[in-house]
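J.: Protein chains in written order, with my numbering: chain C, 14 to 605; chain W, 41 to 401.
Because the hints were derived from the structure by calculation, they are not lab data.
What you are looking at is a predicted structure, and each value in this text was computed from that prediction instead of being measured.
Hints should not be assumed to be uniformly reliable.
Stated by the list, open to error - Coverage of chain C stretches by chain W, computed from C-beta distances (three or more under 8 angstroms per stretch; other residues unrestricted):
hint, region
1, 141 to 147
2, 488 to 496
3, 513 to 524
Claimed, not checked - Taking CB as the label site, the calculated pair distances span:
hint, chain 1, residue 1, chain 2, residue 2, range
4, C, Phe510, W, His373, 54 to 62 angstroms
5, C, Leu459, W, Ala127, 36 to 44 angstroms
6, C, Ile583, W, Arg152, 26 to 34 angstroms
The C-beta atom is built at its ideal place from N, Cα and C for all residues, glycine as well.
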Amino acid sequence: MKTFQKLGQMPIGLTVPALALLLVIFGIPIIHLFLNSINAPAFSATNYYKFFGQPANVRVLFQTIEVSVVATAICLIVGYPTAYLIVTASRSLRITLIALVIIPYLTSGLARTYAWIVILGDRGVINNVLVHLGVIHSPLQLIYNTMAVYIGMVHIMLPLMILPLVSAMMGIDRSLMAAARSMGARPLTAFWRVFFPLSLPGVRSGSLLVFVFCLGFYITPAALGGLRDAMLSTFIAGQVASSFDIPRIATSAFILLAIAVAVLSMLGLDLAGAQGRAPTPARKSWVARLPIFGLLKRYFSEFLSPYRAKLWTTQLYQAGDNSSLSNIVGPLFVLLVMVYLLSPGLIVIIMSFSAGAFLEFPPSGLSLQWYRSFFGDPSWNGAAWTSIQIGVAVAILSTIVGTLAAYGLNRTHPRLRGLLTMAILTPVTIPVIVVGIATYLGLVNLGLIGSTTGIVLAQSLGAIGIVVVIVSATLANFDRTLEQAAKSMRASPLQTFMRVTLPLIRPGVIGGAVFAFLHSFDELVITSLVSGYSIRTLPLKMWENIRNQIDPTIAAVSALLMLVPVLWLIVLYLTWWRSRPRDHHSLRELAT
Amino acid sequence: MHAPIQNSEVAALHESPVLPQIEFSSVTKTYGKVTAVRDLSMTVSRGEFLTILGPSGSGKTTTLMLLAGFEAPTAGDILIAGRSVAAVPSYRRDQGIVFQSYALFPHLTVTRNLEFPLEMRGINTAERTTRVRRMLERVHLSDLGGRMPSQLSGGQQQRVALARALIADPPFLLLDEPLGALDRNLREQMQIEMKSLHKEFGITTVCVTHDQEEALTLSDRIVVMRAGRIEQTDSPEALYDRPATRFVAKFLGEANIFENHNFKIESEAEQPSGTVAMIRPERICIVATDAGKRGDGDLRQFVTGIVDDMIYAGPLRKYHVRVGSSVFIVREHVAARQPIFRPGDGVCLNWLRSDIRFVAT
Ligand SMILES: Nc1ncnc2c1ncn2[C@@H]1O[C@H](COP(=O)(O)OP(=O)(O)O)[C@@H](O)[C@H]1O
Ligand SMILES: [Mg+2]
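Bound conformation, chain C alone (with noise of 0.2 angstroms):
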């Protein structure tokens, strides 16, 4: 009895919900599929064998693999330098740079993919600007194919390398650096041997992070490439839409997976085994090491310290001599990359202003026409308002069942907080198609196939799994003794809960509700599976329009989409700079 008694007491209890919305909407249908595919209960591999019999499948998935390493790549490449050199700038910089960084983070992305199509399309900026100008007569073929892919997608994913790099670079000691100085290490070997294997942790993150995406993220590829580019999770979307073979899904979702497993635990492990004694155990899962939510935070807090004089770290960072070479190269690379980064938006938010029959660069006229028609238009409004109802339906139910689930992982044994924690984080840590596959069908289970109950439970799972990440990190600098003293002070568990646990974690709260509804707000890979075409959200309405003919109302819709970053970072710096801890210059005045 006593023990039974303590079982319903056991903090575990709260992360009931979410593991039951897993199970039923993700869980239950990947086994379901997994068994499929392995044609159970005969058990064979002739799907697989299937499979790579078709050469034309051999082809696509070594494409996928390609285009995913080569992106991620080029994304390590060009994020590596601009984190060091966002990371070495001086402060007020640096908090500029971020921000330029997390804008188009924060920005939907497909806003941005069809920023791209309006940049390099025959009639796009650059053919119309090379053609004014005399240097080409007709427009080159600069869409559609192989590089516009990895333009598009390093765009994208360029961001999701560069904040864990910032984040890992900024956690560095700066003393570290001086002390191999003053042992006679000269910069660059203090460089490499100090700061770059400290720096590992967030290339890991990084690269896994942009790797995992590019695996199940078919929206650029499908928009910029060519016929030729099709990656493995565009032919899965275009299975579910034409047959529904689901053997035939299941296996190409597997061998999705596989792919996305063995890349995850080989880099996960293996540098953490390299690095040794690591501070963050090598079990938990890659997502919760996720340090952008973490940055962000760390971002509004260094916003808001002024006198936190950190100049000198600058010349403690510089790896190089300060020859007038790498004074130059360095904002030089920088600004490219922030070029790189904004002016696709920039562009686009210009052009929504233009005033002709179509959209042009730079645009003859102003008006406003695109945005009347958006607002007067009842299939792009009504798709606005559809995904703000549902982002807000999400945000709402993953806000509420991630914090519970945070709040009982936070209080259960580290193997089995470790071990649920990955359950929960399933369904943002591997390629999306999976999920989404594997949604459709427990949502087909459950007949919601089309409604929006379906796509909010959908859209919440991975939602929740972003709550918690956020909620958690937040319950790690929790102080526990401030529940036991207000137990200790006769109130209850619930009291306690409401009293002071949950306004001393309401900024993480908060921020996990933010991020939820931006998730919601721009997901489509999930949504176009599950909508059944029957609910349009705004990011479907895109898409469409991007796949069929292009109505520049789009312009103007992007052009707003982009805004919404920028009003969420101003909620975001509100909460968290209301919680911010006092600083302690102010307080010595008070006491005084």
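Keeping the supplied structure of chain C fixed, place chain W with the ligands upon it in accordance with the hints.
T.: Relative to the frame of chain C, chain W with the ligands by itself:
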């Protein structure tokens, strides 16, 4: 009088005048393979200030957490006023706790922090206000009610924590390293203040610390813990003067243990087996080798040695004196106006035979 509380039964437990207020009976607590507390039995009487003293990792905090109800004993039982509280969760108990980190709620003002325990006991707003005001006056913080905890100095935070623990008139008070976070001067000041608060409120207090000075200053009785077990329980004077074991002798103050010495110890009592002889450094006199015997010379033992080192420590001089193969620590008040010896000087050490103690090894 205690505050009116919902759970009057538990409150009533504290009223019994005869029984020891707190009793540990053979309590064991294990975490996986680690035994944090092993077969611990002790009692705390009403109004007593009891300190649990021990090195880091000896199980002090665990003992306190068991008493506070944040941990359940693996074996044994804890009785409060004669009744087992093993099944009573901490939030149904009536106690005041000062945490090592103070655990002031960072999102509430000082006043709201002090109101919290009253509010949880269902006390109305008007009474809360007067009690908070009175308590703030008592701890000299009347002006700071509106501040956030982060706007207070360490000593002020400590006093708020103490005030918050006392405000609801709990029957006993638990302190976990209460002065650990303060600097030395403030610590001495707070020791005096806590002592007077304890006297004024007369509240049964269990304090945990690794600081022997704090323990000696504050306590009526001290429990010395080592590796999860009680080593000795006694009054501060008795502990210092008659330590039962070598561990206690060395943990509380300094001790000269007679080992590898090349002379026979003269003492009044027979040396029990399994013990070593010990003498406190301040019980040893240091004189020049040619100094004559004093009046009580017959009661003393004399040995000769060579000064290894002299350390000047404020009001004290500390000598390390080599006698054969062992080194003796001698502590002498500067005010004694003795000649100062330098390293290499030959000296004569002597002590009263009755100052020799035998401690278990
Ligand atoms: N929650 C816990 N889980 C595992 N071991 C613990 C836990 N709490 C304490 N211990 C272990 O129990 C022993 C006693 O710890 P503690 O009571 O904190 O000692 P003290 O407060 O005297 O420093 C230590 O060895 C410690 O590692
Ligand atoms: Mg302790």
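J.: Sort out which numbered hints this structure fails and list those numbers smallest first.
T.: Result: hint 1 breaks, nothing else.
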